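Required output: the full structure, derived from the provided sequences and hints.
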Amino acid sequence: PANVVLITDSLKPAALTEGPFIINGEEAFLGDNSAFYMKKEPTLMMGSSLTMLQGVKNLGSWGVPLEDAVMMGTATPARSYNLEGVGVLSPGYKGDIAIFDQEYNLKGTFIEGQLIRDNF
275 PANVVLITDS LKPAALTEGP FIINGEEAFL GDNSAFYMKK EPTLMMGSSL
325 TMLQGVKNLG SWGVPLEDAV MMGTATPARS YNLEGVGVLS PGYKGDIAIF
375 DQEYNLKGTF IEGQLIRDNF
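Following this note's numbering, the numbering of the sequence shown begins with 275 at its first residue and continues without gaps.
If you are wondering where the hints come from, they were derived from the structure by calculation, not from laboratory data. It is possible that some hints are incorrect.
No farther apart than 35 Å at their CA atoms in a straight line, the calculated lysine-lysine pairs in the DSBU-like style are these [claimed, not checked]:
1. Lys331 with Lys286
2. Lys286 with Lys314
3. Lys331 with Lys368
4. Lys381 with Lys313
5. Lys313 with Lys286
6. Lys314 with Lys331
7. Lys286 with Lys368
8. Lys368 with Lys313
9. Lys331 with Lys313
10. Lys368 with Lys381
11. Lys381 with Lys286
Restraint-style ranges between C-beta atoms, simulated for each label pair [as the list claims (entries may be wrong)]:
12. Lys314 with Leu340: 33 to 43 Å
13. Asn393 with Val278: 24 to 34 Å
14. Asn332 with Phe303: 15 to 25 Å
15. Leu380 with Asn307: 16 to 26 Å
16. Asp306 with Asn356: 36 to 46 Å
Keep in mind the model is a prediction, meaning the values are calculated, not measured. Even glycine gets a Cβ: it sits at the ideal position worked out from N, Cα and C.
Have a look at this one:
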């Protein structure tokens with residue numbers, strides 16, 4: 275996990291469930307594989323709807339321990355980009371936290387210590 279980075283090219287409409295979607299000025303639709311496709315050119319993939327939380331969930335379903343999956347999406351990329359003050363929960367670091375249940379449903383989000391989303 276210390277050398278693997280979890281990434282996503284998730285586009286802005288990723289959290290939306292219904293279209294139509296406009297991406298880079300083009301009308302798009304969400305395919306069965308969670309990718310966005312251009313409406314006028316249905317074979318042209320425009321990007322992904324994969325969220326980081328779904329990426330962590332996918333890793334878990336493939337047998338990666340939760341702690342390792344979270345590290346791949348937080349501490350490892352922060353270290354890879356030499357970012358200071360982010361990526362781990364430690365005094366003096368930014369306290370952005372996503373809280374989810376065992377089924378990976380988002381329950382809460384803290385950004386800079388403030389509760390932004392509450393689904394408890």
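A quick look at each hint next to the structure:
no., hint, verdict
1, Lys331 with Lys286, "holds, 20 Å"
2, Lys286 with Lys314, "holds, 20 Å"
3, Lys331 with Lys368, "holds, 24 Å"
4, Lys381 with Lys313, "holds, 34 Å"
5, Lys313 with Lys286, "holds, 17 Å"
6, Lys314 with Lys331, "holds, 32 Å"
7, Lys286 with Lys368, "holds, 24 Å"
8, Lys368 with Lys313, "violated, 40 Å"
9, Lys331 with Lys313, "holds, 29 Å"
10, Lys368 with Lys381, "holds, 20 Å"
11, Lys381 with Lys286, "holds, 21 Å"
12, Lys314 with Leu340: 33 to 43 Å, "holds, 41 Å"
13, Asn393 with Val278: 24 to 34 Å, "holds, 29 Å"
14, Asn332 with Phe303: 15 to 25 Å, "holds, 22 Å"
15, Leu380 with Asn307: 16 to 26 Å, "holds, 22 Å"
16, Asp306 with Asn356: 36 to 46 Å, "holds, 39 Å"
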